[in-house]
Amino acid sequence: MNALKKALGVLWLIAGPAVIFFLVQGAVEHIDPKGTKDINSPVVWIIIIAIFTPIALGLMIFGWYALRGEYDHLPESSSEI
Amino acid sequence: MKNDTASSICKVIGASSVGTMIEWYDFYIFGMLAKTISVQFFPEGNTTAALLSTLAIFAAGFIVRPFGALVFGRLGDLIGRKYTFLLTLVLMGGSTFLIGLVPGYKSIGIAAPLLVLLLRLLQGLALGGEYGGAATYVAEHAPTHRRGFFTSWIQTTATLGLFVALGVIMLVKMNMPDEQFNTEWGGWRYPFWFSILLVVVSIYIRMKMHESPLFAKLKSEGKTSANPLRESFRNKANFKMVLLALFGAVMGQGVVWYTGQFYAQSFLETKCTLEFEQSRTVMLWAIAFATPFFLFFGWLSDKIGRKWIMMLGMLLGILTYRPIFGYFLETTQAITKNAEAKISGITEEYTETSTGERIRTHTTVYSLADGSGFREVQRDTLDTGGAVKAAGPVIVAEKHLSSSQYWKFAGLVFLLILYVTMVYGPIAAFLVEIFPTKIRYTSMSLPYHIGNGVFGGLVPFIGLLLTTSFPGDPLVGLWYPIGVAALCLVIGVIYLNNRIDKNVED
Numbered sequence: 168m169n170a171l172k173k174a175l176g177v178l179w180l181i182a183g184p185a186v187i188f189f190l191v192q193g194a195v196e197h198i199d200p201k202g203t204k205d206i207n208s209p210v211v212w213i214i215i216i217a218i219f220t221p222i223a224l225g226l227m228i229f230g231w232y233a234l235r236g237e238y239d240h241l242p243e244s245s246s247e248i
Numbered sequence: 036m037k038n039d040t041a042s043s044i045c046k047v048i049g050a051s052s053v054g055t056m057i058e059w060y061d062f063y064i065f066g067m068l069a070k071t072i073s074v075q076f077f078p079e080g081n082t083t084a085a086l087l088s089t090l091a092i093f094a095a096g097f098i099v100r101p102f103g104a105l106v107f108g109r110l111g112d113l114i115g116r117k118y119t120f121l122l123t124l125v126l127m128g129g130s131t132f133l134i135g136l137v138p139g140y141k142s143i144g145i146a147a148p149l150l151v152l153l154l155r156l157l158q159g160l161a162l163g164g165e166y167g168g169a170a171t172y173v174a175e176h177a178p179t180h181r182r183g184f185f186t187s188w189i190q191t192t193a194t195l196g197l198f199v200a201l202g203v204i205m206l207v208k209m210n211m212p213d214e215q216f217n218t219e220w221g222g223w224r225y226p227f228w229f230s231i232l233l234v235v236v237s238i239y240i241r242m243k244m245h246e247s248p249l250f251a252k253l254k255s256e257g258k259t260s261a262n263p264l265r266e267s268f269r270n271k272a273n274f275k276m277v278l279l280a281l282f283g284a285v286m287g288q289g290v291v292w293y294t295g296q297f298y299a300q301s302f303l304e305t306k307c308t309l310e311f312e313q314s315r316t317v318m319l320w321a322i323a324f325a326t327p328f329f330l331f332f333g334w335l336s337d338k339i340g341r342k343w344i345m346m347l348g349m350l351l352g353i354l355t356y357r358p359i360f361g362y363f364l365e366t367t368q369a370i371t372k373n374a375e376a377k378i379s380g381i382t383e384e385y386t387e388t389s390t391g392e393r394i395r396t397h398t399t400v401y402s403l404a405d406g407s408g409f410r411e412v413q414r415d416t417l418d419t420g421g422a423v424k425a426a427g428p429v430i431v432a433e434k435h436l437s438s439s440q441y442w443k444f445a446g447l448v449f450l451l452i453l454y455v456t457m458v459y460g461p462i463a464a465f466l467v468e469i470f471p472t473k474i475r476y477t478s479m480s481l482p483y484h485i486g487n488g489v490f491g492g493l494v495p496f497i498g499l500l501l502t503t504s505f506p507g508d509p510l511v512g513l514w515y516p517i518g519v520a521a522l523c524l525v526i527g528v529i530y531l532n533n534r535i536d537k538n539v540e541d
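Chains as they are written, first to last, in this note's numbering: chain A, 168 to 248; chain B, 36 to 541.
Below, computed lysine-lysine pairings styled on DSSO-like, alpha-carbon distance capped at 27 Å:
(1) B/Lys258 <-> B/Lys243
(2) B/Lys141 <-> A/Lys204
(3) B/Lys271 <-> A/Lys173
(4) B/Lys70 <-> A/Lys201
(5) A/Lys204 <-> B/Lys70
(6) A/Lys173 <-> B/Lys342
(7) B/Lys275 <-> A/Lys172
(8) B/Lys306 <-> A/Lys201
(9) B/Lys243 <-> B/Lys46
(10) B/Lys141 <-> A/Lys201
(11) B/Lys306 <-> A/Lys204
(12) B/Lys271 <-> A/Lys172
(13) B/Lys271 <-> B/Lys258
(14) B/Lys275 <-> A/Lys173
(15) B/Lys46 <-> B/Lys338
(16) B/Lys70 <-> B/Lys306
(17) B/Lys275 <-> B/Lys258
(18) B/Lys342 <-> A/Lys172
(19) B/Lys46 <-> B/Lys254
What the hints contain is simulated information worked out from the structure, not anything from laboratory work.
Next up, chain B with everything else stripped away, as it sits in the complex:
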């Protein structure tokens, strides 16, 4: 009997987690391939395409995700968890596959970015509905003393989705030249097509699952909510808990999550100008080693409560973000031409622009004594006789870390993701325990997607805003996640309690 229960809960966790991971994979590949996608669908110089591109990036994350939380949360509380998060999976997988089939701007003009925008919005909508369903579904199957541990499997999916997306894109990219990858029907489409295979498998698994026992019981007793949105947000007693969940936990969790998993990667690539392969593999190593800690902190939260683990994760982020990112910057800034620098390769490439000008790209590869290195790239415009008409600036790009620097970077990114595991591991159990079964899906989905989609998703934008306003400090962008996490920490410490709800059946 005990083995049957264990096997049944493993199936519940497996089926929920795989589907949620695939949804994250689908959502991430768009962002990771944004550069190629913008060339294919949103060409520079076309103002309508630029507007659609902006909407695809911002609206999908900020407006549509919370909206999806409301739409699917309501549905999940009305018709059940199982069918709702099956629907979100189909919507997400279908949209991803179709993005991979949309012809480029060159072939169908403005219809291309319009279709991509529409499909991206559908992705955002589906993502808004998925997480709440999966977390609720698992929590409603879990025994009280293991709720944190079981739901923490769902918490690994966002990171694993990122891991799989990074891995698949790297695999495709490493097996073909850049030119072949970036053409209209090139390799960049493979990760989108691959998604349909993952989704079909996941749908098959999820179809075999049963409805959550708590929801099924409510339904059989006729006690489900008639209007989940009204009961969630117009009932003061519940609404005040929605606000507390948002401002005392999820808002800080969102910025810590985004800073560790996305801002770090973008910082390494753009501010530190680290080469593509090293910046990606540093992330992959860090994610691989940190992921088990989602489970550890989920398990620990069953023993000591959810609150203090999440608060400690925020506090560590607040105290160490600037020193860690400062180290990344200092180390890579020190990789520069010095007396020991040796030239290890020179290449010259000639290309022609659409206006008929010839461009010479001169690349010099330098190696330093400690094993690090960098490239100097200069793009000159040539006249018809081959003489330099306009010399371009010398740009230092694609810095390469030495072995010891590389592992220090991986260790520090691991720390950043460890903070993510502290704030994110216990949060599903924390949210599930706050709200009653009949409006749980709706009530927990909205604060989660505002915290992660809006507060977390704004990390790069506010970072850019701060950098533009205060150009003297390259780390100024970090004040946004630090400030939001600090505010959340104060609210969480003072207003939240550390109680583990023994009964989520009510």
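Looking at chain A on its own, in the form it has when it is part of the complex:
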């Protein structure tokens, strides 16, 4: 199981930038000053990309930790934290 945890770490590392790429691509495609829907509003996209960027970074850090075997053993008491 630990080998699988580490191997999947690579996937999470790649997933982070992929999420940002798709969000930016979605913004470019759908922002339309003449549009009336939420997905046409630049403000909405700015908020979503701003909030998702740190989350995507978090996913990358999660992947990095997984790859380095940080999740091979989970803490069993607060003294390990």
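Based on these hints, arrange chain B on the given structure of chain A.
Chain B in isolation, oriented as in the chain A frame:
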């Protein structure tokens, strides 16, 4: 002695749950009355008002909630749980009551949407701080073998808040004509005013509570954290658990929760064009029957562990969302004009637009043999002589289900909410057990509000985005919650363990 302990824990659960439920009620009524609120405060055609409206909807949920988790989480770990979640209650209740007092755009212009935006942001901030405090407070009073069960009472509050909000709005709406409900100082304001009564009662109850015994002990020993934010997010050992909690549990829980409780209702109203009363009562029945399962799964998690119950809830959502929503759509699409359709009523209404044009709204009510029905609405523009100048399209609206269809819908929505109870019932105990007492409030609040506010809150937006990009599939919006839940399921199954922490006092 045993009775004293039981009575004391009941008071702790009661006081925490009632306050949290009121906070959810306050947060929901804004969303449920969004249509009326937008007419009163964010009129169409005004670009500044439209921008403020967008900020009120998106910023309150996505930015301010996690920010509130940080602000109040830190406060809760520094000064204590009791005073922090008392403060969030006052902030939430006060903001809600004040929204009900803000005059409309017609009276005070752009100040109206500005004030509403400010108060909505305060609501989001307060909500971000409330949940972590209530869950921590109850968990720190609970014995090890009943932690899941006791904290599951807090988990019922989000659903009960929705139930009370739906009920109060329906009650007001059913007791006055639509026109009276929607005017500037009309009935839509009553649910906001009602909130102050609930909050005063809850503040009174919470004032009488004592500080969490674990936090009080830490404080008396001088062992509280000096900088909870730094210790939560800059200490690698703790931060990696924050990430695991988010990606392995709360992210999936957030989308399952949002899909069952909100997306379902919006889908029934907009995609299935179900009439207002049926779409709301279907939800009310489903919520009423499903709510006890929060307690059941909380209790079960004390016996078999938290992990597999949450993972099963996600798996069931992944496997059944498309068939269930597909059934809703197919059933309502079949309610259409056929050889057996009978006209059971025709009405005509005349209104005048601001440009002086006369509009005739012609409504035909059709009943089908099985008891279902629908309305056909056509809006024509008339000239001064009364002749049709421009005929509007015939729109099929307000579909009405037959009795058997209605109960099948209620049963399926019940299933969707049952998944919610599986993922949401045990999660407070799960989060509390991961983090140490001195930084628990901060560490658990942030992943919770990112999972629910951001991942869950984005369900309708990404749904719309997918529907726009792939218009051929009306169920395409479901791929977002399915995808996020699937990712979370994989991470949860592989990385989480199913251990119940015996000692949360450390």
